[in-house]
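S.K.: The residues making up each chain are set out below.
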Amino acid sequence: MSATPASFAPAAALERVTFSYRDSASRALCEIDFVLRPGEMVGIMGASGAGKSTLVKCLNRLVPAFEDGDFSGRVTVAGASSDDRPVSDLAATVGMVFQDFEAQLFSTNAGLEVAFGLQQAGLPREEIIARIGPALEAVGLGGFESRDPTTLSGGEKQRLAIAAVLAMRPRIIVFDEPTTDLDPEGRAEVLELIQSLRGQGLSLILIDHDAEALRACDRVLLMRDGAIIAEACPEQIMPRVADLESAGVRPPDLNRAWATLGLEPHPRDLATAERYLRERLGERLAATDNAARDARPIAPDRNLLTVSALRFAYSTAAPAIEDVNLTIAAGEFVAIVGRNGSGKTTLAKLIAGLLTPAAGVIRLDGRDRHELSALEAAQAVGYVFQNPDHQIFAATVEDEVAFGPQNFKLAPDEVSRRVAEVLAAVDLTALRSRDPFLLSKGERQRLAVAGILALRPRLLILDEPTTGLDYREQRRMMTLIEELNRSGIAIVIITHTPWLIADYARRVVLMRRGRIRFDGSVSEFFADEDLLKLASFRPPEINLLARRLGLDALNVQQFVTAIRALRSRDPAA
Amino acid sequence: MNTEKLSAHPMAIRGVIPQGSRAPHRPATAPPSAAPRRAHELRLMWRNTRMVVLSVLTAALYAAVLVPFKVVPLIPGVTELRPGNAIPVVCSFLFGPAAAWGSAIGNMIGDFFGGVGPGDVFGFFANLAYGYIPYKVWTIVAAPDQSPVALTPGTLARYVLAALAASMLCADLVGWGDNLLALRPFWVLGNIIIMNNMVAAIVLAPLLLAAIYPRVRRAHLLFTDLMPEIEASARPRRLVGFAMLLGGEVTAWLAGNLVSAGYWRPALVPAAFNVAPYTRAVALTVSPAIVIAIIGMLLL
Amino acid sequence: MLTSLYLDRASAIHRLHPVVKLFGLFVVFWSVFWVDRPLALVPIAVLLILAAQVAGAWPNFYAFRWFLILMIPPTMIEWMAVYRQGPPLIDFWFIHLSGAALRYGFGKGLRLAELLAASILFLSTTTVEDFSQSLINLRIPYRVAFAMSLAFRLVPLFMDSALTVVQAQRLRGYDFDQGNVFERLRRYVPAMIPVFMGALRRVNNMAMALEARGFGAGVRPTNLSAYSMTRRDVVACALLIVIGTVYFLLYLYGYGAVTP
Numbered sequence: 001m002s003a004t005p006a007s008f009a010p011a012a013a014l015e016r017v018t019f020s021y022r023d024s025a026s027r028a029l030c031e032i033d034f035v036l037r038p039g040e041m042v043g044i045m046g047a048s049g050a051g052k053s054t055l056v057k058c059l060n061r062l063v064p065a066f067e068d069g070d071f072s073g074r075v076t077v078a079g080a081s082s083d084d085r086p087v088s089d090l091a092a093t094v095g096m097v098f099q100d101f102e103a104q105l106f107s108t109n110a111g112l113e114v115a116f117g118l119q120q121a122g123l124p125r126e127e128i129i130a131r132i133g134p135a136l137e138a139v140g141l142g143g144f145e146s147r148d149p150t151t152l153s154g155g156e157k158q159r160l161a162i163a164a165v166l167a168m169r170p171r172i173i174v175f176d177e178p179t180t181d182l183d184p185e186g187r188a189e190v191l192e193l194i195q196s197l198r199g200q201g202l203s204l205i206l207i208d209h210d211a212e213a214l215r216a217c218d219r220v221l222l223m224r225d226g227a228i229i230a231e232a233c234p235e236q237i238m239p240r241v242a243d244l245e246s247a248g249v250r251p252p253d254l255n256r257a258w259a260t261l262g263l264e265p266h267p268r269d270l271a272t273a274e275r276y277l278r279e280r281l282g283e284r285l286a287a288t289d290n291a292a293r294d295a296r297p298i299a300p301d302r303n304l305l306t307v308s309a310l311r312f313a314y315s316t317a318a319p320a321i322e323d324v325n326l327t328i329a330a331g332e333f334v335a336i337v338g339r340n341g342s343g344k345t346t347l348a349k350l351i352a353g354l355l356t357p358a359a360g361v362i363r364l365d366g367r368d369r370h371e372l373s374a375l376e377a378a379q380a381v382g383y384v385f386q387n388p389d390h391q392i393f394a395a396t397v398e399d400e401v402a403f404g405p406q407n408f409k410l411a412p413d414e415v416s417r418r419v420a421e422v423l424a425a426v427d428l429t430a431l432r433s434r435d436p437f438l439l440s441k442g443e444r445q446r447l448a449v450a451g452i453l454a455l456r457p458r459l460l461i462l463d464e465p466t467t468g469l470d471y472r473e474q475r476r477m478m479t480l481i482e483e484l485n486r487s488g489i490a491i492v493i494i495t496h497t498p499w500l501i502a503d504y505a506r507r508v509v510l511m512r513r514g515r516i517r518f519d520g521s522v523s524e525f526f527a528d529e530d531l532l533k534l535a536s537f538r539p540p541e542i543n544l545l546a547r548r549l550g551l552d553a554l555n556v557q558q559f560v561t562a563i564r565a566l567r568s569r570d571p572a573a
Numbered sequence: 001m002n003t004e005k006l007s008a009h010p011m012a013i014r015g016v017i018p019q020g021s022r023a024p025h026r027p028a029t030a031p032p033s034a035a036p037r038r039a040h041e042l043r044l045m046w047r048n049t050r051m052v053v054l055s056v057l058t059a060a061l062y063a064a065v066l067v068p069f070k071v072v073p074l075i076p077g078v079t080e081l082r083p084g085n086a087i088p089v090v091c092s093f094l095f096g097p098a099a100a101w102g103s104a105i106g107n108m109i110g111d112f113f114g115g116v117g118p119g120d121v122f123g124f125f126a127n128l129a130y131g132y133i134p135y136k137v138w139t140i141v142a143a144p145d146q147s148p149v150a151l152t153p154g155t156l157a158r159y160v161l162a163a164l165a166a167s168m169l170c171a172d173l174v175g176w177g178d179n180l181l182a183l184r185p186f187w188v189l190g191n192i193i194i195m196n197n198m199v200a201a202i203v204l205a206p207l208l209l210a211a212i213y214p215r216v217r218r219a220h221l222l223f224t225d226l227m228p229e230i231e232a233s234a235r236p237r238r239l240v241g242f243a244m245l246l247g248g249e250v251t252a253w254l255a256g257n258l259v260s261a262g263y264w265r266p267a268l269v270p271a272a273f274n275v276a277p278y279t280r281a282v283a284l285t286v287s288p289a290i291v292i293a294i295i296g297m298l299l300l
Numbered sequence: 001m002l003t004s005l006y007l008d009r010a011s012a013i014h015r016l017h018p019v020v021k022l023f024g025l026f027v028v029f030w031s032v033f034w035v036d037r038p039l040a041l042v043p044i045a046v047l048l049i050l051a052a053q054v055a056g057a058w059p060n061f062y063a064f065r066w067f068l069i070l071m072i073p074p075t076m077i078e079w080m081a082v083y084r085q086g087p088p089l090i091d092f093w094f095i096h097l098s099g100a101a102l103r104y105g106f107g108k109g110l111r112l113a114e115l116l117a118a119s120i121l122f123l124s125t126t127t128v129e130d131f132s133q134s135l136i137n138l139r140i141p142y143r144v145a146f147a148m149s150l151a152f153r154l155v156p157l158f159m160d161s162a163l164t165v166v167q168a169q170r171l172r173g174y175d176f177d178q179g180n181v182f183e184r185l186r187r188y189v190p191a192m193i194p195v196f197m198g199a200l201r202r203v204n205n206m207a208m209a210l211e212a213r214g215f216g217a218g219v220r221p222t223n224l225s226a227y228s229m230t231r232r233d234v235v236a237c238a239l240l241i242v243i244g245t246v247y248f249l250l251y252l253y254g255y256g257a258v259t260p
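These protein sequence lines are chains A, B and C, in that order.
Mapping the first sequence onto our numbering, position 235 (from 1) lands on 235, and the numbers just tick up by one.
Mapping the second sequence onto our numbering, position 67 (from 1) lands on 67, and the numbers just tick up by one.
Mapping the third sequence onto our numbering, position 221 (from 1) lands on 221, and the numbers just tick up by one.
One or more hints might be untrue.
Covered by chain C, per the in silico footprint, the following chain A stretches (three or more residues, Cβ under 8 Å) [what the hints assert, rightly or not]:
(1) 85-92
(2) 101-109
(3) 122-135
(4) 430-444
(5) 449-460
(6) 510-522
Worth flagging that the hints you see were computed from the coordinates, not collected in a lab.
These figures come from a predicted structure and were not determined experimentally.
C-beta atoms are modelled at their ideal positions from N, C-alpha and C, and glycine is treated no differently.
With the sequences and hints as input, model every part of the structure.
M.R.: As structure tokens, then:
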């Protein structure tokens, strides 16, 4: 748990390691020196492409034995040079858990999944069988031996991957963005599990682009363009808000607020932060009248969407949607939240016309959905799927955007006018003749939005548009959506990300077991403890702090404004 | 990884590889165990992890797309066209031997989800041939390094030949196998399979190849890129193989059709077998031709 | 969504060694091969019904009921077309239909249905793991069997993504059912490319994860098969051998043939 004596031989070490991928002009790693001590937990953060994954892949020789490119430098693992050793040779020493949980499960049941690596090592059958149970037990999946991985949730799949690594009894476990594709519940499960592995002599490395996840590490590295630009304990590195942001990392809310307010020292957690402010602001806090209500107005001048008494079931099983009533007005920005399987996506698909309701009415612009032509419906509501790769197929970015308008047989000059307009809106004009498959994930996500925007919908539904993106790409995506909203398009966004709701949404709809359990403002939602528990949803840290202090602030910006207002009330403070 | 290859490595020439850290040109996925020097590529490919994964993906794609992508009835009630039938041909040009195994496994899985169709062992090998032959024949009949994309009339003819060579052996094998088990007459199954495969290969596969081939090449996932150690046999040997394949499969197809439909009663076949419905006569007449075609295929 | 046919039960058939079950499948194929007469096929049908009862496999048979029934008529027609013996009941242009041809065709149809039934029974009682393990027991190389079981795991995933892609393109106004047969086949391109490319994006991730878990270590991977030959298996094998022999004898002595 705590720092280990320096006399211990390092668990692994990289000396002046430089690597560039085949076909790439720039270096993915640039003269990296890094020592991993036994029993320590190191966090690595940085934007996509900063070299985080490349660095950890040096430990089990995926770089350069699997990834092709120019490599130089020395890597030592468990006291021995790893030169010339095949990747499989290091599998028992360095375990690795990857972001893509579907790509690292190979078996048709959980027990065999755990056994897989042990089988490869040729361990005796009895030994393997003896290790399966405890490994599953250790990740909280006891008794799951014969479960098909397909039936597990994302968090469970990731825990299964960890069990499979644990069974190999490695000395080092690397977690390469294990929670990026998970919902908050799965994310919490996995992070908690990783914490529980500490103090067993294991060296852990956790990669994440959200700094909050790394606050519990012994040491954190900040990477940018293939180099380690900062290395310190979390208490020292988190306050460097500007450095984090410029490296494409989301700094913790508390640190951001403290930095903006120019306060010192930065708090380590919520309790310290509260004590700090109470000490300094004292009775002025008690005097707040909580008048700063949600300032962002809702303008329900015209109903774009009216859903009434909607019901839907996938099979004979329990209905996926039951008695749902919902109205969305022009210009609104709504977030739909709820656990996985609560019916969010099903509702969106019903509105988009991909599913047919069993009962109830969906009205778009006051007209029953059935009465609309395909084009009219597409102009009323657009739906962007979660994974942009589920629709991109054309040879160029332009062709991809033109696909929709062409299908609806718009005139060629109208098509090209729309393509130009939409590409400008999503900021892809410069890439218009590129092959979409070469774009980054964030760019592909924006391209998918562009493909729908080209049909000029008045209401846009986006299903988890920021999942799998790094912080910088998430911000960019959300700025785009915000601009669309300002230009008059109503936005409905399905999301799990608290800060995103706090920063952008004006209304929250909570779904649970196919029904709407809450429909109201963001601050009401964040304030309702029972509701939050039901949805296993944790509001942003800064909102929690604000409410403890009796202030009304959803995000850092509002918090800073509120504190400044308090301070200015009495210049003596 | 062998040492003589390393010395010829471009990075070694540029002097980037420091002592003690040799970056192999190709991923060191192969176990260093001593294996026979010149194994057949259908065996060799299993040593490369990426190739194993590509065969898995071919299989999963084939099985996953065969079922849900709606069929287009060609002759209503008798046979239907599935876009999935283009996958073995497309993958063949991309992933070579991995596509051959992938198609075989994918077909088997498709059967698993729908209840194993009888004669599945034959379906396995038939689809292996269907995924294996296109790229092999292509590299014989087309210029070296000719990409199967942007076909001109000249190269199109060669492409059609490659697809036909593959479809026909596939049809022969299923037709023969099902005849052997006396499940379906050769003339029914043999011709339907050729037609289905050829329509998919000519109408759909070139469009998919045009979109996918350049991208796979850029990602360095073409099998020629992944396994440069696969060397083609000497050309004369390949030409003999090609001749045997074509001769064998055409003979098998003609004989199978004629005998099973009752238009030809080969003199060599015992009279007892030469009665309708000729299942045993078909098996006897077609078998030698099939064997020749298979040997030819392995020599390609 | 299609799923594997396996039914999680603990019947006597489920607990048989998977290699024995595979042998059973083979024996059914072997037995029906030697006989054409519908009557001679009845014992196999009875055995299959009994086995389905023991294994509790009726839900799967119910799901395949139409398929099992409807596969008989076309098979009958195909075979009757080539069967020319016996005094014709109808003799018109190219149609020569005799009573023997009818029986012969029906036998063929019944046999095909029985083979399908045997396969359904096998799949209802055998998991993918056991199947691939039994392949390894039968000396199929580990990596081939592994590729098969991994592909199995991925099929539902890919199928899901194929269906999603179709929906996504429909939302952009794309019509998959337009034009003649060839045109309709071609219209699947915008659906197949994303599925294909999505799979390709995974290749490196998957190969990397495999190697990180020790795939390719060059050691012979441990066989985890939980089955050993029990008395039950020996008895089942003996029974199967008897059935196979009886059917071969039926053929030898001419009892299996349809007589004109």
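S.K.: I'd like to know which numbered hints this structure contradicts. Please list them from smallest to largest.
M.R.: 4 and 6
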